[in-house]
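These protein sequences, in sequence, are chains A and B. Residue numbers in the first sequence follow this note's numbering, run continuously in steps of one, and reach 480 at the last position. Residue numbers in the second sequence follow this note's numbering, run continuously in steps of one, and reach 600 at the last position.
Note that these hints are calculated values from the structure, not bench results. Check each hint, because a few of them may be wrong.
Said to hold, decoys possible - To give an idea of the interface, some chain B residues facing chain A are shown, with a C-beta separation under 10 Å as derived from the structure:
1. 159
2. 532
3. 536
4. 580
To be verified - Below, computed lysine-lysine pairings styled on DSS-like, alpha-carbon distance capped at 27 Å:
5. B/311 <-> B/352
6. A/168 <-> A/304
7. A/366 <-> A/383
8. B/530 <-> A/366
9. B/200 <-> B/434
10. B/593 <-> B/583
11. A/341 <-> B/583
12. A/168 <-> A/232
13. A/333 <-> A/383
14. B/593 <-> A/383
15. A/304 <-> A/341
16. A/383 <-> B/530
17. A/304 <-> A/383
18. B/583 <-> A/366
19. B/343 <-> B/307
20. A/168 <-> B/530
21. A/423 <-> A/274
22. A/232 <-> A/274
Think of the CB as a built atom: it goes at the ideal place given N, C-alpha and C, for glycine as much as any other residue.
The lines below spell out each chain.
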Amino acid sequence: MGAASAFFLRQHGRSVVLLERDVIGQYASGVNFGNVRRQGRFLGQLELANHSFALWKRLPQLIDDDLEFITSGHMRVCYREDEIAELEAYAATPEARELDLRIYSGRELHTRFPFLGPEVKGGSYAPHDGHANPRLAAPAFARAARRAGAIVEERCEVTSVEKVGGQFRVTTSNGREYRAEQVLITAGAWGEKLSAQFGEPVPLITKGPQMSVTEPVPYVLKTVIGVYTKMPEEELYFRQIPRGNIIIGGCSHTKPDMLNRRAHFDPRSLLKQLQQMRRLVPDMTNLNIIRTWSGIESYLPDSLPIMGPSGKVEGLYYAFGFSGHGFQLGPGVGDVMAELMSTGGTNTSIAPFGIGRFADYTEQQRRAS
Amino acid sequence: MATARLKDLHKEACRVVIVGAGPAGTRCAEALVAAGIRPILLDENRRDGGQIYRRQPEGFSRDYATLYGSEADKARALHQTFDRLRGQIDYRPDTLVWGLTPGQLCCVSQGSHSTVEYDALILCTGATDRIMPIEGWQLAGIYSLGGAQIALKAQAVSIGRRVVFLGSGPLLYLVASQYLKAGAKIAAVLDTSPLRRRIAALPNLLARPGVLFAGIKLLAQLQRAKVPVHFGVEPQRILGDASSGVCGVHVRTAAGDDLQVECDALALGYHLRPETQLADLAGCRMRFHQVSQQWLLDTDEQGRTSVKGVYASGDSTRIRGADAAEHAGRLTAMALLQDMRQPVSSEALALHRRALAVMEQFSQGLYQAFPWPAAQAGALPDEAIVCRCEMISAGELRAAVSEKGASEVNRAKAFSRVGMGRCQGRYCSQAGAEVIAAAAGVDVELVGRQRGQAPVKPLSMLTEELKPGEEVAL
Numbered sequence: 112m113g114a115a116s117a118f119f120l121r122q123h124g125r126s127v128v129l130l131e132r133d134v135i136g137q138y139a140s141g142v143n144f145g146n147v148r149r150q151g152r153f154l155g156q157l158e159l160a161n162h163s164f165a166l167w168k169r170l171p172q173l174i175d176d177d178l179e180f181i182t183s184g185h186m187r188v189c190y191r192e193d194e195i196a197e198l199e200a201y202a203a204t205p206e207a208r209e210l211d212l213r214i215y216s217g218r219e220l221h222t223r224f225p226f227l228g229p230e231v232k233g234g235s236y237a238p239h240d241g242h243a244n245p246r247l248a249a250p251a252f253a254r255a256a257r258r259a260g261a262i263v264e265e266r267c268e269v270t271s272v273e274k275v276g277g278q279f280r281v282t283t284s285n286g287r288e289y290r291a292e293q294v295l296i297t298a299g300a301w302g303e304k305l306s307a308q309f310g311e312p313v314p315l316i317t318k319g320p321q322m323s324v325t326e327p328v329p330y331v332l333k334t335v336i337g338v339y340t341k342m343p344e345e346e347l348y349f350r351q352i353p354r355g356n357i358i359i360g361g362c363s364h365t366k367p368d369m370l371n372r373r374a375h376f377d378p379r380s381l382l383k384q385l386q387q388m389r390r391l392v393p394d395m396t397n398l399n400i401i402r403t404w405s406g407i408e409s410y411l412p413d414s415l416p417i418m419g420p421s422g423k424v425e426g427l428y429y430a431f432g433f434s435g436h437g438f439q440l441g442p443g444v445g446d447v448m449a450e451l452m453s454t455g456g457t458n459t460s461i462a463p464f465g466i467g468r469f470a471d472y473t474e475q476q477r478r479a480s
Numbered sequence: 127m128a129t130a131r132l133k134d135l136h137k138e139a140c141r142v143v144i145v146g147a148g149p150a151g152t153r154c155a156e157a158l159v160a161a162g163i164r165p166i167l168l169d170e171n172r173r174d175g176g177q178i179y180r181r182q183p184e185g186f187s188r189d190y191a192t193l194y195g196s197e198a199d200k201a202r203a204l205h206q207t208f209d210r211l212r213g214q215i216d217y218r219p220d221t222l223v224w225g226l227t228p229g230q231l232c233c234v235s236q237g238s239h240s241t242v243e244y245d246a247l248i249l250c251t252g253a254t255d256r257i258m259p260i261e262g263w264q265l266a267g268i269y270s271l272g273g274a275q276i277a278l279k280a281q282a283v284s285i286g287r288r289v290v291f292l293g294s295g296p297l298l299y300l301v302a303s304q305y306l307k308a309g310a311k312i313a314a315v316l317d318t319s320p321l322r323r324r325i326a327a328l329p330n331l332l333a334r335p336g337v338l339f340a341g342i343k344l345l346a347q348l349q350r351a352k353v354p355v356h357f358g359v360e361p362q363r364i365l366g367d368a369s370s371g372v373c374g375v376h377v378r379t380a381a382g383d384d385l386q387v388e389c390d391a392l393a394l395g396y397h398l399r400p401e402t403q404l405a406d407l408a409g410c411r412m413r414f415h416q417v418s419q420q421w422l423l424d425t426d427e428q429g430r431t432s433v434k435g436v437y438a439s440g441d442s443t444r445i446r447g448a449d450a451a452e453h454a455g456r457l458t459a460m461a462l463l464q465d466m467r468q469p470v471s472s473e474a475l476a477l478h479r480r481a482l483a484v485m486e487q488f489s490q491g492l493y494q495a496f497p498w499p500a501a502q503a504g505a506l507p508d509e510a511i512v513c514r515c516e517m518i519s520a521g522e523l524r525a526a527v528s529e530k531g532a533s534e535v536n537r538a539k540a541f542s543r544v545g546m547g548r549c550q551g552r553y554c555s556q557a558g559a560e561v562i563a564a565a566a567g568v569d570v571e572l573v574g575r576q577r578g579q580a581p582v583k584p585l586s587m588l589t590e591e592l593k594p595g596e597e598v599a600l
């Protein structure tokens with residue numbers, strides 16, 4: 112979010128300094144599954160997601176880099192008949208119209224996606240959704256921002272942000288001080304620490320996603336598949352990349368070690384994934400898993416991000432807590448935040464994501480302390 | 127965490143797990159059994175012995191002298207010890223430890239998964255070949271020195287009819303002479319280390335005159351058999367093509383002449399690198415070892431790592447060879463006993479420490495005599511493959527440094543895929559680090575090391591968790 116915002120702020124001609132404690136895209140942006148998925152999102156977020164999708168399609172021209180983005184299609188499948196009705200209801204909403212969703216079930220489902228196991232009852236197919244390479248995305252935006260004139264500082268930890276007079280004063284652990292009229296906090300799992308400094312704490316929790324990847328095999332599974340379910344252990348998703356590797360995620364999370372800033376993959380998560388993979392795609396069996404990884408993501412209780420201006424301090428903005436689905440939104444968030452900070456408003460609806468929705472929590476925290 | 131309470135545990139109740147049944151693991155188990163502990167010994171191989179004293183498969187019956195040559199007595203002694211221990215340890219062969227969490231190992235054996243709880247973990251995971259790429263090393267017919275040795279030892283086959291040995295280090299000569307003895311045609315032994323290096327290393331190598339003499343004898347045998355042996359060569363490229371594999375190798379001799387040697391197989395290696403992935407996953411601290419120019423586990427002289435309850439021994443901590451591994455295994459067992467407040471013999475402790483100090487000095491001599499050819503990485507042409515699993519070239523890796531600003535190993539991996547494939551960097555990450563360091567113009571220590579990730583080896587998607595009560599038939 113920070114790298115994309117820095118890039119788009121430069122497009123508005125703003126002077127930008129991007130401060131990163133470690134390296135760009137290390138914790139959430141670089142380690143996620145890589146879904147560029149719109150279907151299934153909170154309906155109030157689809158406008159932002161659609162805006163972001165339009166940017167994804169233009170990225171090679173915009174940032175002069177290849178993020179391996181492919182509009183391969185995204186298939187959201189379910190194991191229960193009654194869930195098909197829920198997928199249909201979603202597809203029928205006016206907000207989802209741009210997604211061209213199509214619901215499959217029964218024989219048609221298994222003819223169109225013959226590799227799906229017999230337990231799969233239905234699915235919602237989004238032809239334009241796809242995937243990209245998360246390892247490349249945020250650093251590519253940061254390089255583009257730098258080329259466009261932004262100052263990008265890595266390994267530079269922000270220790271405090273204060274507003275003195277009309278100006279923000281940002282100090283870093285290496286003893287530097289930056290002054291600015293506006294500050295945007297895109298610190299992911301650490302965003303709450305900074306918002307709390309301005310009296311706006313939020314009930315943010317951290318989770319480590321669980322990702323694994325197979326050895327490369329011929330490229331045949333071009334559609335991203337994800338399971339729609341209310342059972343967390345069934346939540347599995349996978350995609351194959353043109354090189355042939357199949358990337359698998361889901362089924363569980365771990366608790367990251369925030370002290371050492373490391374998120375470990377729990378080897379037992381892999382067994383859960385393999386069990387669910389055998390159910391989802393029974394014929395995909397005799398492959399090897401060659402690598403697993405995790406990262407540090409931040410979640411809010413309503414699974415929506417914090418995005419927009421501070422409710423308390425003028426000139427302060429937030430974009431963090433993307434609750435495991437920020438990758439697709441990244442370019443859109445960067446563009447909208449840059450628009451908001453440069454023009455004072457945006458045409459894209461971000462009202463549901465305001466930090467003000469946790470005002471009660473702020474009050475509770477204030478009383479508790 | 128369970129492992130922090132070692133001293134409170136009775137030795138009967140303490141769950142001690144040793145990973146690896148080579149010289150270090152065997153001697154460690156022996157010492158623990160003598161102290162009244164029944165360790166669980168997990169080994170990836172079907173039979174004990176590790177690499178150097180690898181036991182031939184059942185049904186093969188070559189005698190010790192044929193199989194192990196000058197090391198026959200040591201091999202027999204180790205195997206006999208192991209056979210005696212079998213009833214007193216919980217030995218689980220053919221079991222790969224592929225991941226771990228504090229206090230628990232994730233294992234797979236014959237496609238079935240099980241977990242093993244531990245209070246103390248002793249990693250005797252040995253070493254693998256240290257490889258420096260050369261243009262063309264992805265062609266069929268190129269093996270690591272260790273791989274060539276296993277082919278001979280375990281399957282009694284040669285990797286080719288006309289074999290070149292290229293690299294540096296004692297294993298180069300050992301495997302070459304083993305091939306000679308087995309009747310293979312050796313086209314040449316090409317050592318990147320110049321002879322003067324060996325002379326300069328003599329004071330340290332004389333710490334173990336017997337071993338030094340045995341090494342000189344190997345060389346003499348090769349020369350007597352009219353095997354061309356060249357010192358101080360600069361490897362240029364491996365010749366051949368994708369369809370028919372290797373057909374030769376091109377090096378520059380110490381005198382600066384071009385030399386092409388025809389062959390149909392080539393064994394490549396530059397000494398060894400410790401297998402530290404499990405220790406890395408356990409969170410053990412590593413440190414850069416200047417002498418060998420690689421990251422090693424940070425242990426004390428008895429094998430205590432930075433993580434309480436986790437120990438490491440033998441070549442998995444530093445490369446000192448099989449003899450040293452036997453001493454180290456015993457010392458590590460003593461470290462565990464001391465940490466459990468159990469008595470250990472101070473004489474034995476002193477004896478093994480002294481022996482290890484001598485071997486440490488000798489090992490320093492080996493690094494002096496057969497240095498890691500770091501400069502080769504910088505000189506690799508852009509087209510040369512660095513990462514064989516992902517087929518990533520030196521040029522692509524350099525672009526991650528110069529165009530994308532990655533001057534750290536894990537960053538460069540994320541951008542270029544070097545170290546991201548099946549081997550998980552076991553065979554390419556050290557050379558990759560050298561390429562990055564050369565491209566960034568910094569010391570290799572500064573580019574860091576590739577972080578370990580499970581699974582330690584590729585894990586079949588068919589792997590299923592054992593249900594309680596289910597046993598694997600071995």
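So, going through the hints one by one against the coordinates:
{"no.": "1", "hint": "159", "verdict": "violated (29 Å)"}
{"no.": "2", "hint": "532", "verdict": "holds (8 Å)"}
{"no.": "3", "hint": "536", "verdict": "holds (9 Å)"}
{"no.": "4", "hint": "580", "verdict": "holds (5 Å)"}
{"no.": "5", "hint": "B/311 <-> B/352", "verdict": "holds (11 Å)"}
{"no.": "6", "hint": "A/168 <-> A/304", "verdict": "violated (34 Å)"}
{"no.": "7", "hint": "A/366 <-> A/383", "verdict": "holds (17 Å)"}
{"no.": "8", "hint": "B/530 <-> A/366", "verdict": "violated (31 Å)"}
{"no.": "9", "hint": "B/200 <-> B/434", "verdict": "violated (33 Å)"}
{"no.": "10", "hint": "B/593 <-> B/583", "verdict": "holds (23 Å)"}
{"no.": "11", "hint": "A/341 <-> B/583", "verdict": "violated (34 Å)"}
{"no.": "12", "hint": "A/168 <-> A/232", "verdict": "violated (32 Å)"}
{"no.": "13", "hint": "A/333 <-> A/383", "verdict": "holds (23 Å)"}
{"no.": "14", "hint": "B/593 <-> A/383", "verdict": "holds (14 Å)"}
{"no.": "15", "hint": "A/304 <-> A/341", "verdict": "violated (31 Å)"}
{"no.": "16", "hint": "A/383 <-> B/530", "verdict": "violated (36 Å)"}
{"no.": "17", "hint": "A/304 <-> A/383", "verdict": "violated (33 Å)"}
{"no.": "18", "hint": "B/583 <-> A/366", "verdict": "holds (25 Å)"}
{"no.": "19", "hint": "B/343 <-> B/307", "verdict": "holds (13 Å)"}
{"no.": "20", "hint": "A/168 <-> B/530", "verdict": "holds (22 Å)"}
{"no.": "21", "hint": "A/423 <-> A/274", "verdict": "holds (12 Å)"}
{"no.": "22", "hint": "A/232 <-> A/274", "verdict": "violated (56 Å)"}
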